[in-house]
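Asks: So the protein sequences, as listed, match chains A and B. Quick note: the first sequence uses our numbering, first residue 1, plus one each step. Quick note: the second sequence uses our numbering, first residue 1, plus one each step.
Note that these hints are calculated values from the structure, not bench results. Certain hints may be false.
Simulated restraints on C-beta separations [claimed, not checked]:
#1 A/Pro199 with B/His72: 15 to 25 angstroms
#2 A/Asp40 with B/Ser42: 24 to 34 angstroms
#3 B/Ala128 with A/Glu172: 24 to 34 angstroms
#4 B/Glu73 with A/Ser130: 26 to 36 angstroms
#5 B/Val111 with A/Val74: 37 to 47 angstroms
#6 A/Pro199 with B/Ser62: 18 to 28 angstroms
#7 A/Ser95 with B/Gly246: 22 to 32 angstroms
#8 A/Ala118 with B/Ala128: 43 to 53 angstroms
#9 A/Ser71 with B/Thr108: 34 to 44 angstroms
#10 B/Ala179 with A/Ala101: 37 to 47 angstroms
#11 A/Ser71 with B/Glu73: 45 to 55 angstroms
Sample of chain A residues lacking proximity to chain B, with all beta carbon distances greater than 12 angstroms (derived) [to be verified]:
#12 Asp40
#13 Ser95
#14 Ala101
#15 Glu112
#16 Phe140
#17 Pro167
#18 Leu204
If you only want the chain B side, here are some residues facing chain A, beta carbon under 10 angstroms, derived [stated by the list, open to error]:
#19 Glu56
#20 His72
#21 Gln185
#22 Pro197
#23 Val213
#24 Tyr221
#25 Ser222
#26 Ser249
#27 Asp252
All of these numbers come straight from a predicted model, not from anything done at the bench. Every residue, glycine too, gets a C-beta built ideally from N, C-alpha and C.
Each chain is listed here by its residues.
There are 2 protein chains.
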Amino acid sequence: MSPQPKYRVVADALRREITDGKYESSPRLPSESELSARFDASRNTVRAGLNLLVTEGLISSSQGLGYEVRSHEVFELNASRFENLSFPQNGDAYSTDVTAAGRRPHQTFRVEMLPATAYTAARLKVDAGSTTVLRFCHRFVDDVPWSTQATYYPGWLAEAAPRLAEPGDIAEGTTRYLADREIEQVGYFDEISARMPTPEESRLLEISAGVPVMLWTRTGYSDTRPIRCTITTFRGDLNRMNYEIGDLSGRDETL
Amino acid sequence: MSPQPKYRVVADALRREITDGKYESSPRLPSESELSARFDASRNTVRAGLNLLVTEGLISSSQGLGYEVRSHEVFELNASRFENLSFPQNGDAYSTDVTAAGRRPHQTFRVEMLPATAYTAARLKVDAGSTTVLRFCHRFVDDVPWSTQATYYPGWLAEAAPRLAEPGDIAEGTTRYLADREIEQVGYFDEISARMPTPEESRLLEISAGVPVMLWTRTGYSDTRPIRCTITTFRGDLNRMNYEIGDLSGRDETL
DNA sequence: TCACACAGCTTGTACCAACAAGTTGAGCAA
DNA sequence: TTGCTCAACTTGTTGGTACAAGCTGTGTGA
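Based on the provided sequences and hints, a complete structural model is requested.
Replies: Structure follows, in structure tokens:
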């Protein structure tokens with residue numbers, strides 16, 4: 001027999017109750033002192049158990065209010081819809097998607113000139129430290145922070161298309177603007193990874209403990225070289241990315 | 001002035017030192033008692049700060065040894081490579097990929113009959129609770145648990161292709177086996193999400209605190225309906241998924 | 001030389017105490 | 001009725017103590 005630590009017993013019992021649906025009617029958990037009495041454990045031990053569930057993303061706590069079972073509502077994100085002239089994705093896709101879902105979109109926007117990091121330099125095939133243009137979006141759904149999107153353009157492209165580096169919005173969309181300068185995106189390379197958020201990301205996305213972020217890096221190519229690199233950061237618990245590949249005539253959309 | 005809690009001060013200072021590369025030569029952090037003296041804080045407070053970094057995935061601890069900065073080594077996973085007759089992916093792709101990377105692959109395998117969950121039923125377009133065949137793989141790289149892969153086949157398909165439900169391996173690969181029975185996969189639909197692991201997943205993948213899992217669900221379709229649903233679970237910190245879309249002649253592979 | 005015990009380090013678990021700070025509702029005062 | 005104060009709850013922070021348990025090197029005994 002290896003006796004489980006008491007705080008794990010607490011966590012396991014509560015996790016079981018949660019997955020069994022005990023808190024579906026009212027998501028509020030018993031208070032620390034109630035649990036302390038129930039499990040004959042000190043408040044610290046109960047807190048250790050609760051903290052385990054928090055880092056698992058199962059519950060969240062707020063001072064003065066107590067612990068609650070977290071509810072997810074997943075947002076679908078179709079990533080294989082090709083971005084091109086007839087189907088621009090820049091910003092508009094986000095607005096239309098969110099509006100279509102009956103939610104209210106909102107975003108802030110800024111433009112910066114930055115030296116390329118190792119990560120962006122490798123993808124844009126420019127020297128690390130060379131100048132890049134960053135167009136940065138902070139997006140909200142119903143005033144809840146949803147994602148950040150940082151698109152980096154290589155310096156040579158900003159010279160050929162100077163409005164990229166200007167602070168204002170580009171009304172016709174960057175894809176169209178670039179195409180008018182004979183730079184067309186014909187393919188892209190997507191990378192997806194997940195990790196725990198940095199403090200900066202936690203702040204921007206208002207992420208509490210136990211929620212990972214998904215990182216989606218899309219490098220866009222002309223027929224000869226990379227022309228942009230978009231890094232999108234999502235809350236992992238609220239988003240699901242989709243790719244459609246091949247012939248999907250056997251699929252109807254009523255998932 | 002809003003004075004930061006002391007444990008956050010500890011976490012911020014150590015996080016800063018880590019990102020500045022102070023522990024690159026030797027990943028070992030000072031002991032709790034040393035940090036306690038340095039920050040003039042109790043051991044409990046220092047532990048709270050360290051725990052924050054653990055849940056952020058930055059460090060890990062082991063009893064008797066101390067705290068260490070975690071190192072990542074990312075494994076690339078090309079998901080857009082189409083699985084079909086000329087390019088089967090079943091199991092073989094994993095082995096060849098891992099071997100190509102100079103690592104040693106190893107996997108365990110089992111077959112089960114299971115009632116469909118809401119999740120698999122919706123994707124396979126069968127009734128929840130109806131019988132499905134699960135073919136389950138637990139995969140290791142250099143004896144480190146790497147991923148689990150659960151492929152569910154609908155009951156009607158298992159009747160048409162009985163070897164799916166038999167415990168043994170299918171030497172020619174399931175894709176070929178199904179094609180010989182005139183069931184060909186012509187398209188698939190991928191869904192990717194991230195969350196913190198369940199205790200079961202932590203156990204199977206030997207995941208410590210602060211590491212999310214990536215869930216990759218691939219539903220394969222024949223020209224008329226879904227024929228399988230594969231749910232792959234990865235360690236988020238060790239894997240990156242890639243998709244190539246469109247014309248990538250402008251991309252060379254030396255990323 | 002070799003094997004084992006043990007001291008001295010590390011983190012893990014568990015308890016106690018006290019106060020700070022956020023939330024809510026009761027109840028009083030205008 | 002309206003608005004405010006405040007008590008009573010909640011979790012958050014910080015300190016303390018004690019012992020368990022894992023790891024490593026020293027040194028003793030065979």
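Asks: All hints are to be evaluated individually against the structure, with a verdict given for each.
Replies: Now for the hints, and whether the structure bears them out:
The beta-carbon spacing between A/Pro199 and B/His72, approximately 18 angstroms, falls within the hinted interval of 15 to 25 angstroms. Under the hint 24 to 34 angstroms, the C-beta atoms of A/Asp40 and B/Ser42, about 26 angstroms apart, fit the expected range. At about 48 angstroms, the beta-carbon gap between B/Ala128 and A/Glu172 misses the expected band of 24 to 34 angstroms. Range check, B/Glu73 to A/Ser130: about 28 angstroms between beta-carbon atoms, so the 26 to 36 angstroms window is met.
For the pair B/Val111 and A/Val74, the beta carbons lie near 30 angstroms from each other, so the given range of 37 to 47 angstroms is not met. Under the hint 18 to 28 angstroms, the C-beta atoms of A/Pro199 and B/Ser62, about 25 angstroms apart, fit the expected range. The hint said 22 to 32 angstroms for the Cβ distance between A/Ser95 and B/Gly246, and at roughly 24 angstroms that hint holds. Judged by the Cβ atoms, the range 43 to 53 angstroms given for A/Ala118 and B/Ala128 holds: they are separated by roughly 48 angstroms.
Range check, A/Ser71 to B/Thr108: about 36 angstroms between beta-carbon atoms, so the 34 to 44 angstroms window is met. At roughly 39 angstroms, the beta-carbon separation of B/Ala179 and A/Ala101 lies within the given 37 to 47 angstroms, and the hint holds. Here the CB-CB span from A/Ser71 to B/Glu73 is close to 35 angstroms, at odds with the stated 45 to 55 angstroms. No Cβ of chain B approaches the Cβ of A/Asp40 within 12 angstroms, the least distance being about 22 angstroms, so the stated non-interface status holds.
Annotated as non-interface, A/Ser95 keeps its C-beta farther than 12 angstroms from every C-beta of chain B; the closest such distance is 22 angstroms. Non-interface call for A/Ala101 relative to chain B: holds, since the shortest CB-CB distance, roughly 17 angstroms, exceeds 12 angstroms. Interface exclusion of A/Glu112 from chain B stands, the closest Cβ pair being 21 angstroms apart, more than 12 angstroms. No beta-carbon of chain B is positioned within 12 angstroms of the beta-carbon of A/Phe140; the least distance is around 21 angstroms.
The Cβ of A/Pro167 sits about 29 angstroms from the closest Cβ of chain B, beyond the 12 angstroms cut-off, so the non-interface label holds. The Cβ of A/Leu204 lies farther than 12 angstroms from every Cβ of chain B, with a closest approach of about 15 angstroms, so its non-interface assignment holds. Given hint, B/Glu56 at the interface with chain A, holds; its Cβ is 5 angstroms from that chain's nearest Cβ, closer than 10 angstroms. The beta carbon of B/His72 comes within 9 angstroms of a beta carbon in chain A, closer than 10 angstroms, and the hint placing it at the interface holds.
For the restraint placing B/Gln185 at the interface with chain A, the shortest Cβ-Cβ distance is roughly 8 angstroms, inside the 10 angstroms limit, so the hint holds. About 8 angstroms separates the beta-carbon of B/Pro197 from the nearest beta-carbon of chain A, less than 10 angstroms, and the hint is met. The restraint placing B/Val213 at the interface with chain A holds, with a minimum CB-CB distance near 8 angstroms, inside the 10 angstroms limit. Hint status for B/Tyr221 relative to chain A: holds, with the closest Cβ pair at about 4 angstroms, below 10 angstroms.
Below 10 angstroms, beta-carbon pairs count as interface contacts, and B/Ser222 has one with chain A at about 6 angstroms; its hint therefore holds. A least Cβ separation of about 6 angstroms between B/Ser249 and chain A falls short of the 10 angstroms threshold, and the interface hint therefore holds. The restraint placing B/Asp252 at the interface with chain A holds, with a minimum CB-CB distance near 8 angstroms, inside the 10 angstroms limit.
Checked against the numbered hints given earlier, this structure breaks hints 3, 5, 11; the rest are met.
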